[in-house]
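Chains as they are written, first to last, in the numbering used here: chain A, -12 to 454; chain B, 33 to 345.
Calculated from the structure, these hints are not laboratory results.
Backbone N, C-alpha and C define an ideal beta-carbon position, used for all residues, glycine too.
Warning: the hint list may mix true and false statements.
Unchecked claim - Capping the alpha-carbon separation at 27 Å, the derived lysine-lysine pairs in DSSO-like fashion look like this:
| id | chain 1 | residue 1 | chain 2 | residue 2 |
| --- | --- | --- | --- | --- |
| 1 | B | K244 | A | K451 |
| 2 | B | K235 | A | K47 |
| 3 | B | K73 | B | K89 |
| 4 | A | K(-6) | A | K21 |
| 5 | A | K21 | A | K(-7) |
| 6 | A | K451 | B | K89 |
| 7 | A | K49 | A | K413 |
| 8 | A | K21 | A | K47 |
| 9 | A | K185 | A | K166 |
Stated by the list, open to error - Label pairs and their in silico Cβ distance ranges:
| id | chain 1 | residue 1 | chain 2 | residue 2 | range |
| --- | --- | --- | --- | --- | --- |
| 10 | B | R60 | A | D342 | 42 to 48 Å |
| 11 | A | V52 | B | A243 | 33 to 39 Å |
| 12 | B | M96 | A | R311 | 26 to 32 Å |
| 13 | B | G66 | A | R362 | 33 to 39 Å |
| 14 | B | I49 | A | T361 | 56 to 62 Å |
| 15 | A | V52 | B | A34 | 40 to 46 Å |
| 16 | A | M310 | B | A118 | 50 to 56 Å |
| 17 | A | T354 | B | T247 | 51 to 57 Å |
| 18 | B | Q239 | A | M310 | 54 to 60 Å |
| 19 | B | T101 | A | R311 | 51 to 57 Å |
| 20 | B | A243 | A | T354 | 54 to 60 Å |
| 21 | A | A132 | B | A118 | 18 to 24 Å |
| 22 | B | I49 | A | T354 | 55 to 61 Å |
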Amino acid sequence: MRLFGKKARWTEDAVTDAVRNLEIPESELFEFAKSDPDLAEKTGFSRYSYWGSTLSVFFKNKGTVALLLALVILVAFTFIQPLLPGQYEATRIINHPITGLQLSNIQPSLSSVVITAPAGTELVITPWENGQWAAVSNVISTIRARSEFTVTGFMGDWVEASFNGQTGFVRNDFTTNLKLPDEPEAVPYPSRANFPVKLHLSPQDLTNRGDELFVKKDSLKIRGDGITAQLAVEADLRILPTEAPFLFGTNIAGQDLWSMVWSGTRTSLFIGFVVALVEAAAGIFVGVVWGYIRRLDRIMTEIYNVIDNIPTTIVLILVAYIMRPGISTLIFAMSITGWVSMARFIRNQIVIIRDRDYNLASRCLGTGTLRIITRNLLPYLVSVIMLRMALAIPGAIGSEVFITYIGLGLPVSVPSLGNLITVGRKLVSTSQSYQLIFPTIVLSIVTVSFYIIGNAFADSADPKNHV
Amino acid sequence: MAKYILKRIGASLFTLIIILSVVFILLRQMPIEGYFDNFDKLDQAVIDARLQQMGLKAPILTQMQRFFTGLLQGNLGVSARYSVGAPIADIIAQKAPLSIQMGVLSMTLAVALGIPLGGAMARSKSRFWDRFGTAFIVFVNAIPAAVYYIFIQSYGSSALGISMLFDRSRAISWVLPVLSMSLGNIAYYAMWLRRYMLDELNKDYVQLARAKGVTSRNITMGHVFRNAFVPMIQYIPTSLLYTVGGSIYIESLYSIPGMGGLLVDVISRQDNPMVQAIVMIYSSVGIVGMLLGDVLMVFLDPRITFARKEGVR
Chain A
-12 MRLFGKKARW
-2 TEDAVTDAVR
8 NLEIPESELF
18 EFAKSDPDLA
28 EKTGFSRYSY
38 WGSTLSVFFK
48 NKGTVALLLA
58 LVILVAFTFI
68 QPLLPGQYEA
78 TRIINHPITG
88 LQLSNIQPSL
98 SSVVITAPAG
108 TELVITPWEN
118 GQWAAVSNVI
128 STIRARSEFT
138 VTGFMGDWVE
148 ASFNGQTGFV
158 RNDFTTNLKL
168 PDEPEAVPYP
178 SRANFPVKLH
188 LSPQDLTNRG
198 DELFVKKDSL
208 KIRGDGITAQ
218 LAVEADLRIL
228 PTEAPFLFGT
238 NIAGQDLWSM
248 VWSGTRTSLF
258 IGFVVALVEA
268 AAGIFVGVVW
278 GYIRRLDRIM
288 TEIYNVIDNI
298 PTTIVLILVA
308 YIMRPGISTL
318 IFAMSITGWV
328 SMARFIRNQI
338 VIIRDRDYNL
348 ASRCLGTGTL
358 RIITRNLLPY
368 LVSVIMLRMA
378 LAIPGAIGSE
388 VFITYIGLGL
398 PVSVPSLGNL
408 ITVGRKLVST
418 SQSYQLIFPT
428 IVLSIVTVSF
438 YIIGNAFADS
448 ADPKNHV
Chain B
33 MAKYILKRIG
43 ASLFTLIIIL
53 SVVFILLRQM
63 PIEGYFDNFD
73 KLDQAVIDAR
83 LQQMGLKAPI
93 LTQMQRFFTG
103 LLQGNLGVSA
113 RYSVGAPIAD
123 IIAQKAPLSI
133 QMGVLSMTLA
143 VALGIPLGGA
153 MARSKSRFWD
163 RFGTAFIVFV
173 NAIPAAVYYI
183 FIQSYGSSAL
193 GISMLFDRSR
203 AISWVLPVLS
213 MSLGNIAYYA
223 MWLRRYMLDE
233 LNKDYVQLAR
243 AKGVTSRNIT
253 MGHVFRNAFV
263 PMIQYIPTSL
273 LYTVGGSIYI
283 ESLYSIPGMG
293 GLLVDVISRQ
303 DNPMVQAIVM
313 IYSSVGIVGM
323 LLGDVLMVFL
333 DPRITFARKE
343 GVR
């Protein structure tokens, strides 16, 4: 619009005055417009890119992005965990430094402290050397099974006893099952147990199931006899001469479950990724060819029937027999059996859309087969393929659990979620159920993340959700 | 169509022979020590005699000829290791019905619950049913079946006040195994039906129908559901027929004397005649299922054709 005459001059003057009054240089009055795809769209110009839009729609969903981040962190952590300080090796069997027994089935705990003892606690020292650590317990001696001792005081869970000239305390519960008279308060009287029992210095058990605990030397006041000591300050009595805890406990062989779970997650995810990739590559290629090229359909269907009907177990057993059991063998075995179902899935999808009108039109216009496949068919299937791929990774982990269950999985020396869960399954109703729960939780987190991310990606891969 | 089906059946017979031959040859590659429980303690003469008795010493073609001749006479043979000397047909006739009954029940439950759930989820996107269904699907997919089966068994049997083990004559002891078996399938049907229905709901014909004033209910049931169900119908005959295989986890958990785990068991014990017989049954079932799936797909969606049209490609 243009203004004429007086009014125009008046407006022009007003603007000039305003500018002059503001004292802004003319160059600052205008600024360059930023490129805005939404505004550009309105003018009919389109810089639409399929993958760009898919990604931008995907990243708009904050929850999914958070989950993706969590998954990335989890994967990264499986690699970082062995490098952290104070970690046990995943396959190392942890022995008690003095008895040499395996520290099996230790309950999960946030620290390696068994008991925190107050200052002044009387302890017995076991001769054992390791830097700043000392091995202690409060066991004076062990009373042999069916040996008689004298009870000199009764306090319910514990009795005061003297044996071989030593006085101390003996635990009185189902683990010792002491022979006591009808009126146990009427001391003194002789008693015995059918098991070896321990004579403790104080009425509490400062041992780990009978084995020595460990404490820093500087918190001890060792007496002249070299056997007994007193805690100078309040101190933590630990299960091992280290501050590293068993966060997830230990298994029956005395291996640290925390390291096993992370190492197993790494192994299982690796297997899952590789198998899913092979499955996708082989499955999509074969599925497209099978579905689109009509002449091949019958022969491919029969080939599929042959491959699909050879029991996986036979292939797995033969592969295990020919190759050494290990990760690569398992990946090989799962890959050569896994891709067929993906191929069939793609084939069914292709069969459904190959004769749609737009493809017919495209063919009439002389579009080449390769172009139809890559431009007309596959983009149409991106959303379902993505969902299927996202499920293939947890699926591969699940079938690893199954393969381990039927006894053809990885050797015990290679921890994986599969063999951890298979071992844990037998302990579900015992106090060691944590050995099932921790690997299951990690597996569940992995599966849920992949499922939700896959679904969100499938949604954002649908062009209808792009504008 | 009839011609196509006949051709498919003819080709399938041929495929079946190839499957059996491949499995037959693969089985002969198994290690010899697998045929014996105490291989190390046996001397060569005993081993040879046993192998001879099992017919494994003959040239492979002779063995194959023997097997196929027996098959043509309707004779599946006798078990070599699983239950020595028992006719395989008897063993299977005893085990299969239970697995089929249980499988069909669980399939029925899965379809009856999974399909409506999927439909409800697609119709109420991001409202109650969608949320509930997603939570259920995520839960079932997240926890390995091997783990939640155990929990269902231990908590379910104490809640119902029944024994943990299966008792065929008591109807109530069917509940837990059937329920456990169907959970995965309910989630599977719901998940894929929702996905396909949402894909379908975004199509132009739905918008046209809506513009014409077709009710939402008619659109979902008459148009969307029918189109979305096409890719799913493919799998239903196969899954229905595969119930003959039973479920390895469930049957071992509840000690159900069915087919579950039988194949894995006889393969690891290298009972060759049993493996061949079971593979034959399973693959026939698989092939028939796939054929039925294709036929059903054509019936449901007439745009799909398998019969070759001249000049199409």
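Hint-by-hint comparison with the structure:
no. : hint                        : verdict
1   : B/K244 / A/K451             : holds (21 Å)
2   : B/K235 / A/K47              : holds (23 Å)
3   : B/K73 / B/K89               : holds (21 Å)
4   : A/K(-6) / A/K21             : violated (34 Å)
5   : A/K21 / A/K(-7)             : violated (36 Å)
6   : A/K451 / B/K89              : violated (65 Å)
7   : A/K49 / A/K413              : violated (40 Å)
8   : A/K21 / A/K47               : holds (21 Å)
9   : A/K185 / A/K166             : holds (15 Å)
10  : B/R60 / A/D342: 42 to 48 Å  : holds (45 Å)
11  : A/V52 / B/A243: 33 to 39 Å  : holds (36 Å)
12  : B/M96 / A/R311: 26 to 32 Å  : holds (31 Å)
13  : B/G66 / A/R362: 33 to 39 Å  : violated (52 Å)
14  : B/I49 / A/T361: 56 to 62 Å  : violated (37 Å)
15  : A/V52 / B/A34: 40 to 46 Å   : violated (54 Å)
16  : A/M310 / B/A118: 50 to 56 Å : violated (34 Å)
17  : A/T354 / B/T247: 51 to 57 Å : violated (39 Å)
18  : B/Q239 / A/M310: 54 to 60 Å : holds (56 Å)
19  : B/T101 / A/R311: 51 to 57 Å : violated (39 Å)
20  : B/A243 / A/T354: 54 to 60 Å : violated (31 Å)
21  : A/A132 / B/A118: 18 to 24 Å : violated (52 Å)
22  : B/I49 / A/T354: 55 to 61 Å  : violated (40 Å)
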